[in-house]
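For the record, the sequence lines run as chains A and B. The number in this note's numbering is simply the position in the first sequence, starting from 1, with 670 added. The number in this note's numbering is simply the position in the second sequence, starting from 1, with 670 added.
Be a bit skeptical, because a hint or two may be false.
Copies of the same chain look alike in the list, so a pair counts if it works inside one copy or between any two.
[Said to hold, decoys possible] Dumping the calculated DSS-like pairs for lysine-lysine here, alpha-carbon to alpha-carbon at most 25 angstroms:
1) K1096 with K794
2) K1161 with K1067
3) K943 with K1115
4) K1100 with K943
For the record, the hints were derived by calculation from the structure and aren't laboratory data. Note that the structure is predicted; figures quoted are calculated from it, not measured.
Here's the letter readout for the chains.
There are 2 protein chains.
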Amino acid sequence: ALSFYVNHASYSSFLCFCPTVVILTSTCILILLRTRLIFIVLLSFSVRSHLKRVILSLLREMDLAALAQGVRNVLSSSTRSSAEEEVESNSVRSPRGPPARVGLVFDTSEANFLGGFIPVLLEKVRHPYCRPEFLYFTDDDIAISADKSIRPVICPKNADRMPLLVGYAETINGGKTLQNEDQATARLLQIVQQGYDAEVAKELDRKRHTKPLSNGRRISDDEPLGSPTLSLGSDSPSLIAPRLEAAFFAIFDGHAGTGASIMASRCLHEHIKSRLSEVLESLIEMDRQENFMSSKFRSNSVYSLGKGQSRREKSTINADSLVIGAIESAYVDMDAQIAEEKQVFKIPGGCAVISATILLGKIYVANAGDCRAVLVTSEKVEALSRDLTPAADSERKRLQEIAYRNPEYIGSCFSRLEYARHLTKKDLRKKVLYRDWFMEGWSVKTVRDSDLRPPLINDRFKKKRLLNTIGVSRGFGDHHLLTVDDKLSIKPFLSAVPEVRVFDIRSLSTLTDKDVLILGSDGVWDVISNEDASLIVKSSLSSSDPSDPSRYCAAAQELATAARGNTTESYKWMMTCGGLASTDDITVFVIPLKYCIAPPQGEDEEDDDEMINLD
Amino acid sequence: ALSFYVNHASYSSFLCFCPTVVILTSTCILILLRTRLIFIVLLSFSVRSHLKRVILSLLREMDLAALAQGVRNVLSSSTRSSAEEEVESNSVRSPRGPPARVGLVFDTSEANFLGGFIPVLLEKVRHPYCRPEFLYFTDDDIAISADKSIRPVICPKNADRMPLLVGYAETINGGKTLQNEDQATARLLQIVQQGYDAEVAKELDRKRHTKPLSNGRRISDDEPLGSPTLSLGSDSPSLIAPRLEAAFFAIFDGHAGTGASIMASRCLHEHIKSRLSEVLESLIEMDRQENFMSSKFRSNSVYSLGKGQSRREKSTINADSLVIGAIESAYVDMDAQIAEEKQVFKIPGGCAVISATILLGKIYVANAGDCRAVLVTSEKVEALSRDLTPAADSERKRLQEIAYRNPEYIGSCFSRLEYARHLTKKDLRKKVLYRDWFMEGWSVKTVRDSDLRPPLINDRFKKKRLLNTIGVSRGFGDHHLLTVDDKLSIKPFLSAVPEVRVFDIRSLSTLTDKDVLILGSDGVWDVISNEDASLIVKSSLSSSDPSDPSRYCAAAQELATAARGNTTESYKWMMTCGGLASTDDITVFVIPLKYCIAPPQGEDEEDDDEMINLD
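Same shape as in the complex, but just chain A (with noise of 0.2 angstroms):
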């Protein structure tokens, strides 16, 4: 009877379901609340146990997937002033995001898809599915760029209204989700001493920022980004607050629902700046310190500078350890708040992050995942960051680790060891090699029925998953997913702790306005070399105006559309080069080094101050 709900995936067979499950479930509460195209389902917390998961096997033999693009169809065209219909009308909201626009649903697809599973039905949405802000796009413009045929590259629709005037782009998936599991975050943030009077700081912020000082700019257009702005002069003889700019950009590759990356998107950054302002004044004063001891060494000889800075190195405290300190902590701070804010509203899936915190002339990128940051300059392309996926060897010996130290993390379901081949019965009692939690290198042991269980990590996927589930093991959300199977929860293996690496910007010789950084996705990365992403964007650069405010958001563009590559007749994405394109969500930040130094200073002094008017 089930399956006639099923193969309608329209809005009235959902209708028709929700019923089916009052009376499976008799203790649950319901309430349809038939408002336009809006209706709500509450399940009540009391629900016991056994009963929400009868309710789970049942939703887990219909195709989900399709029930919930039913269900989306009709929400797409609602509207959102019909999201006013909210039982609880006293939600949390989002400081600056648009108002939620729809009201309770429950969604189960992505999970259904990447075979883990939320136990959790039905909650309130705080951040409803969205894009960027800083595309400035309407909801037409989304719902076009959302177009699985054409996959249109998008760029934001005022580009030099961007932070630092970096680049942007994105595309949506090829059909493995309905929407676009990727965000992105752009902003300067304005970074205050914590326990100074922050009611006056922001007033007298918002005045800075919205009146123009009488020669047309703003004070701090006078100093490069990240200068620190002790006092703030005439304007405030009183407040000596110590102040700094910094510029944060970061993209969240969101699995198994959107509800972490858009969450974290719109958070992450403001924990960054609560613990950077912790440290603000000892920052600033450390920052001034070094730059003096080393332009003091600078000017000695060549064994003054040496000796001075290998002193330098020893003392684990200096500003930079501030900077990391800070961020590290704001990425554990950002996972513990969707743990917490999960007990109240509906946040599903998790998502890797990798963000650049640009300071005081220095970027600190914070990988927890698979996304990457690579650095392009006239010297070198390097990555400024390690892919931290089950398939890094020290992620490989943490995940055992955890395996050997809670044992009943993973029962009798699965191996933690890894083996050098896929092991069957025929096996048993042969010799294997092997490593365990401990093992840089491999050893031989003979094969016994458990080492047939499936390895905790597992290669027969197309990427290395852990708990056969999951593919990335840094990063935030994902504390309800569950093993498909075994119904094994995977968030004890998971981490939000990034890595941090620090790039001064001045210890280049020279720096021109091809030298960039990208942040990019896995969907840019799994298809193109950190050399040939280099190459794209060079050659984007070079073929641009230099005063031409876009030319950032072109190459970016250039770069996710290489990933992107073509459809075909067969419907395949291929590459011009003739290799399978990437389906999956690409996103591509290009951010120029020498705005990261001296905050752009366009021709327009108009468009300059509206793009820093953005924060």
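Assemble chain B onto chain A, guided by the hints.
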């Protein structure tokens, strides 16, 4: 009343003390066998733990060091024959070691010194105290070398018998402990593929070494060390067992007792031999292929070379990884063996360990602790190991993470965090920089009561100490080590896993007889830098006759002597340059690289033969 016994650190006082214990515990079984100077005290295994604690706390109040010294003074005058008076005669003995000199005695002095405590009072000793076999020292020699007012730097009596003619020197500490807690191993290993008839191979092995061929040299002398011998030629046409000769050198720096370091010095190479013999056939085959590949690419264009190398790097299973895996597994096996035998034998203390396994033209340095390997060539001076102590940042994170995942290990006695400064009550509610387990950088927090607990890693000692107790965080043993105040178990934090580094001797463009690998215990490196050590060794080798088989021993002796310094009128040990010398146990190997590629072919055939006969 107890203080009476303590102040008289003599044999009689100790015997008087024993009846006191009988009265105090009442459920203990105490058997006093007073045959000559041997006494055996057996505590019932069923003694309840709280009773044990009563005894322990009583013991702790006394001056145990003085007590134990008294016991030892008596024991040192006992003869070897008296050791036969053991209660259980079927004890397992080291196949090569001298018979046990001492029966059963309790010994907690070293633990008391370190601050920890071993909760097992009395057990059988399997490996009694000794010095390395290759010294060929008599008991008298050992007694003389233990003179702490002189601290003679001793070398092997027959330097020409040392495997690969390596140099070795050691000296005892300046009073820290009664015995030299450093131990060392120097051996040639005959590795035969497991699965072949081991007995036949062993027999043949014996023949090869004891019966020189007609030309007066053994077969293996024709080939460089580590060349595989797939067939043994006319001597044994039927047996085709893959075999390989390897050299093995190791230093074990003991603490809180000599049991673990002595046992490891007797057994670690057997574990390595055993693990290597499991993979020998694959290892030889892979090495052959890799050499073929590399020589093939070497003769090709630069482009091919690069390509070939990068392809090889990608494959994680290669000859190196088999050796590394064998060594890693062997280290873990070694610690497991100590844990197992501790059920039956008394194996007090623990030890840091560094080893160099030399085969197929490569050196595999495996380090677990604060010993160090330094490569000295005409091109460079480079450490081939990283000091793994609580002061190392990676160890700090590892230890903090264990405390994070298992908070019960530290309870409320310690704080997991690292702080930028020492905290007192005055700091409450102030801000402090801290690092948690996941952080490379520093973050800020407000000091709370829980932050005033001693930190997991305390830097208020000369060396950073874990749980206020131990200065190394890797190595063997310490299974029963507890913290002083709270009796927390320290072992869960310790790791027997080594870091293995590979050095390919053939990668050197030139190879002279002054190119060496120095292995040293921290007694050396605490007072001498890598560079200074290289200068001392090079200078010694420059002034010695290249044909002198003891020249590397002389170099080791100079290095150890430099670290020990000279005693002054104020009974301080000072270095010639003026600084404080090391009063720790000092142990040094100087391994000539050229003999690692091709074993020494001395002018004197007999000497050469004897040298190899050692194994």
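Hints, verified against the model:
Neither within a single protomer nor between protomers do K1096 and K794 lie at most 25 angstroms apart by alpha-carbon distance, with minima of 51 angstroms and 46 angstroms respectively. In this homomeric assembly, K1161 and K1067 come within 25 angstroms of each other (Cα to Cα) both inside a single copy, at 17 angstroms, and across copies, at 21 angstroms. For a Cα distance limit of 25 angstroms, the shortest separation of K943 from K1115 across copies, 16 angstroms, qualifies, whereas the shortest one inside one copy, 51 angstroms, does not. In this assembly of identical chains, the alpha carbons of K1100 and K943 lie at most 25 angstroms apart only when taken from different copies (21 angstroms versus 56 angstroms within one copy).
Consistency with the previously given hints fails for number 1 only.
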